[in-house]
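4 protein chains.
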Amino acid sequence: MNKAMSKVMDKEKLKDVQNQPDSRNIDIDKVGVKDIRYPIVVRDKANENQTTVANINMYVDLPHHFKGTHMSRFVEILNEHRGEITIEKFSDILSNMKERFSARTAHLEVEFPYFIEKTAPVSKSVGLMEYNCRFAGSIGEKDDFVLQVTVPVSTLCPCSKEISDRGAHNQRGTVTVAIRFTGFVWIEDLIEVIEKSASCPVYSLLKRTDEKFVTEQAYDNPKFVEDVVRDVATNLKEIEGVTWASIEAENLESIHNHSAYAFLEVKGD
Amino acid sequence: MNKAMSKVMDKEKLKDVQNQPDSRNIDIDKVGVKDIRYPIVVRDKANENQTTVANINMYVDLPHHFKGTHMSRFVEILNEHRGEITIEKFSDILSNMKERFSARTAHLEVEFPYFIEKTAPVSKSVGLMEYNCRFAGSIGEKDDFVLQVTVPVSTLCPCSKEISDRGAHNQRGTVTVAIRFTGFVWIEDLIEVIEKSASCPVYSLLKRTDEKFVTEQAYDNPKFVEDVVRDVATNLKEIEGVTWASIEAENLESIHNHSAYAFLEVKGD
Amino acid sequence: MNKAMSKVMDKEKLKDVQNQPDSRNIDIDKVGVKDIRYPIVVRDKANENQTTVANINMYVDLPHHFKGTHMSRFVEILNEHRGEITIEKFSDILSNMKERFSARTAHLEVEFPYFIEKTAPVSKSVGLMEYNCRFAGSIGEKDDFVLQVTVPVSTLCPCSKEISDRGAHNQRGTVTVAIRFTGFVWIEDLIEVIEKSASCPVYSLLKRTDEKFVTEQAYDNPKFVEDVVRDVATNLKEIEGVTWASIEAENLESIHNHSAYAFLEVKGD
Amino acid sequence: MNKAMSKVMDKEKLKDVQNQPDSRNIDIDKVGVKDIRYPIVVRDKANENQTTVANINMYVDLPHHFKGTHMSRFVEILNEHRGEITIEKFSDILSNMKERFSARTAHLEVEFPYFIEKTAPVSKSVGLMEYNCRFAGSIGEKDDFVLQVTVPVSTLCPCSKEISDRGAHNQRGTVTVAIRFTGFVWIEDLIEVIEKSASCPVYSLLKRTDEKFVTEQAYDNPKFVEDVVRDVATNLKEIEGVTWASIEAENLESIHNHSAYAFLEVKGD
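Protein chains in written order, with the working numbering: chain A, 1 to 269; chain B, 270 to 538; chain C, 539 to 807; chain D, 808 to 1076.
Isolated chain A, as found in the complex:
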């Protein structure tokens, strides 16, 4: 055993620097821990729940009269809620943060890969598709919860199809949609809306019959990034309770070394 250990004073005797008063008279909007990697369990439409690994940020505000924040408490709160970081529990965790820090506001951001079994269109082969998801919630001045998913899709260029004698350039793109809503929204339902707004969905497992099918489906549904964001905006109406959305489409253009990009914000009524 390290001899340094025996010299450690009692916790009570160690000065609490963070709790000291501060005279600069400046409130801090957010202070906390960033980029904590943590295993979490997420509710899953098909299998009740799934285990994944998240990247987590946790912040509270700091009134001007305090010098610092006790950062270790964030990790303690995370540990107390281990295994139950779900949309439903989000406000509990936020309340816990607000109370423990005597803060006015609390913010929690959780980003994670989410897997869904996806059936190929013809062969009916099943593969696992990964989607990047993000929950971001705040309480305090105003309560807020935003659900975001990033969905890889296939897009085929309408201009290229129209002007070319054969073929049409197409590529992988990503569509990122963030929504605010009342009630409950399944990640799966939001992904479905996005996938049907592209030229064709992307799969992890496709047999030859499927490859023929998706090639022709994309060719029959040419879409600019402009079309994708507009069609997502339209199709989002199928999801009940959506009050706000930001919709972003980016194409890893197959004929360029840069991306084509479109962004649209849908404000609630």
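Hints listed in this document are in silico derivations from the structure and should not be mistaken for laboratory results. Keep in mind that this is a model prediction, so the values were computed, not measured. Glycine included, each C-beta is placed from N, C-alpha and C at the ideal position. Be aware that a few hints might be false.
[Unchecked claim] Only some residues are given here: those of chain C computed to face chain B with a beta carbon under 7 Å: (1) ILE701; (2) SER702; (3) GLY705; (4) ALA706; (5) ARG710; (6) VAL740; (7) VAL752; (8) GLN755; (9) TYR757; (10) ASN759.
[Stated by the list, open to error] Pairs of lysine-lysine residues, derived as DSS-like cross-links and limited to a Cα-Cα distance of at most 30 Å, are as follows: (11) B:LYS387 - D:LYS820; (12) B:LYS476 - D:LYS820; (13) A:LYS267 - B:LYS367; (14) B:LYS282 - D:LYS925; (15) A:LYS196 - C:LYS553; (16) B:LYS465 - D:LYS820; (17) A:LYS67 - C:LYS745; (18) C:LYS745 - A:LYS89; (19) B:LYS476 - D:LYS822; (20) B:LYS476 - B:LYS314.
Position chains B, C and D against the provided structure of chain A, taking the given hints into account.
Just chains B, C and D now, kept in the frame of chain A:
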């Protein structure tokens, strides 16, 4: 020569799909090109100007009655302004974008590494420090220009220093400051304000005498991320014309595998 | 239902382009799928096993007389072994790949975050630490298996401590060790060897008494990256069966904006 | 002026910890600085030279009897060669490193974006294309120099074209080729060999007539990643003096969320 080429029709005869009317009745906030890499020249306080390599995004709005945007025009505009992408020329480029696309709004984002010769505190050895900079401008509904720099710094933990019999944990951190301002602000001046708000600046070249100096300087100036953002907020008053600022400090904690983080927004009067 | 679907021909009638002969007379060393994200289960010393999310590459060789590879088979093999991608099963999966593709060689690379409960040195608080791990195996010309872990650590500069009147610069570093071995090696044991070769381990949860402890422990154990790789090389002897190792240490220097780096290869007897 | 400065002892009196003897009896293969960002000038076939920004690693070996390396010397050497980091000067810099550190071996790695003006195939519009390049050299046990470029290309799937009634999936891919050679090789010539081995090159600026042309060119030249690496291997013979090559092709598949990958090593005669 590829025989496909002989079949290429005249440009006039190729259908302009982007110009077709659109009936979905949805305006698009931003459409354009993203992640174009491009060599640029930036004004430099010491040497008049420096050549660097930027990552560029260019967007305009798209009214609901048009189907698409002519993406190649963005690259043409960039080419026309090659060698003169500076803070001063920003509004010219934006006006050019707005006009060429008959758009209501135009957005230009340019991010690049910027190098400054920095003199070591004791040996006076000179090294080149890299700082990440970003210009983001918009015209249309409201004109806007934001200058952002990310500065690597050294921070030493006040709590660790206070409670430990010897030493104190310290680490590399980054401070990201974005400002709006009237008049002109040198990147160099903004960096200076940030560097003096940390425990100690970071250098590319330090001799042994310098290493002793910066070690002791950091030990004598312990700072939490909370202190750093507050001190930047205070020191920013030295730069004339700043009307708004967002200040972010992140520590790559040397005792943890996650970051400590603080964020502060300074609203103008 | 999409009408394109009704036109899909039977699988038998779709031409198998990959199986066509190739006349360029060039063997390909590795062909396959890269960056598949996939949930996996890994053996865990404390809890039997843990679920995590991997990044997977799968390759086989392709003899010169074949034009292409049936990429979907890689994903099918992955699906068949779902839930059992462990060190022990690695050679089964590789054999399966080799056989299914009639290949001479097969390669499988699996990279994933791995979590271990770690107890703080004084308060005995428990936190979850993340380590990046990688399994890489091959069969064919020569059978091979390499286990790699990347461990975040704290390092304190011996020179800075020696020459300064107070304090010493320290920082987060990463140590990446890859080993070949006979028998079985726990990831946990390899991590332990690495952590004790640094100035101090890194934790996810530290209370004030712990912070004092680790600050002083690092100050009492100053190490250059050179020391870290040498001490790992020495301490690795505690793990039975290691026949080869590559050892890499990188410091995110707190006084510079670049890294200090050392690399060492240990060849077996 | 900081009062700490007055306390700084003369350089002569500061103990040289790195120069102390080491008793662990372990040689270190590589020790040095990593990820230094630095502006460099590279020889350019069209314009004599171009300024860009590099990421640089510099290493030497460290014999077992020395404790550490004087890291600041690497940055000093870099500063001395500022403005002349070219293929031709590489061995001078390496010799300088070897001598200054009294090392047996020295390694220098320089990675940078490189821009070439590229003319669109029909409209003859000119745009700037970015390519990622890397020089890696060593002297000592054996002298070595490797030139590497990563080229974005367009690939169209032969299987998809064959089995589909209309269209064919295509995507952006990257081809990374590293070569050893005698004499001198232009980066531009290596890029040309790679671009003609894909289904179609990628451009930064294409007008509508060009878009038609490249769409049809890609459709007329379907290539698997397997075809791309084989065709690069064949076409490399046009470059005089190549003695070794590694060829890697990766497709950002437009129908999947993972990449297709092929790798080939060409050994010299």
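Results of checking the hints against the structure:
Here the hint on ILE701 (chain C) is kept, as its CB sits about 5 Å from the closest CB of chain B, short of 7 Å. For SER702 (chain C), the interface hint holds, since its Cβ comes within 7 Å of a Cβ in chain B; the closest pair sits about 4 Å apart. Taken as an interface hint, GLY705 (chain C) checks out: its beta carbon lies about 3 Å from the nearest beta carbon of chain B, inside 7 Å. The restraint placing ALA706 (chain C) at the interface with chain B holds, with a minimum CB-CB distance near 6 Å, inside the 7 Å limit.
At a threshold of 7 Å, the smallest CB-CB gap from ARG710 (chain C) to chain B is about 5 Å, leaving the interface hint in force. Among the interface hints, the one on VAL740 (chain C) holds; its C-beta lies about 5 Å from the nearest C-beta in chain B, closer than the 7 Å criterion. Because the beta carbon of VAL752 (chain C) sits about 5 Å from the nearest beta carbon in chain B, less than 7 Å, this interface hint is met. Checking GLN755 (chain C) against chain B: minimum C-beta separation of about 9 Å lies over 7 Å; hint violated.
This hint holds: TYR757 (chain C) has a C-beta 3 Å from the nearest C-beta of chain B, less than the 7 Å allowed. Because the closest C-beta pair between ASN759 (chain C) and chain B is about 11 Å apart, greater than 7 Å, the hint is violated. Taking the CA atoms of LYS387 (chain B) and LYS820 (chain D), the gap is about 25 Å. The hint holds against a cut of 30 Å. Our distance criterion of 30 Å between C-alpha atoms is met by LYS476 (chain B) and LYS820 (chain D), whose separation comes to about 13 Å.
As the CA atoms of LYS267 (chain A) and LYS367 (chain B) are separated by approximately 24 Å, the hinted pair is consistent with the 30 Å bound. A hinted pair counts as satisfied when its Cα atoms are at most 30 Å apart, and LYS282 (chain B) with LYS925 (chain D) qualifies at roughly 25 Å. Straight-line distance between C-alpha atoms of LYS196 (chain A) and LYS553 (chain C) comes to about 29 Å, which keeps the hinted pair within the 30 Å bound. Note on LYS465 (chain B) and LYS820 (chain D): the hinted pairing holds, with a Cα-Cα distance of about 29 Å set against a maximum of 30 Å.
Taken as a hint, the LYS67 (chain A) and LYS745 (chain C) pair is honoured in the structure, with Cα atoms around 18 Å apart against an allowance of 30 Å. For the hint pairing LYS745 (chain C) with LYS89 (chain A), the CA-to-CA distance comes to about 26 Å; that is within 30 Å, so the pair holds. For a cut-off of 30 Å, the pair hint linking LYS476 (chain B) to LYS822 (chain D) stands: about 12 Å separates their Cα positions. Restraint check for LYS476 (chain B) and LYS314 (chain B): satisfied, since their Cα atoms lie roughly 26 Å apart, inside the 30 Å limit.
Hints 8 and 10 from the list above are not met by this structure, while the remaining hints are.
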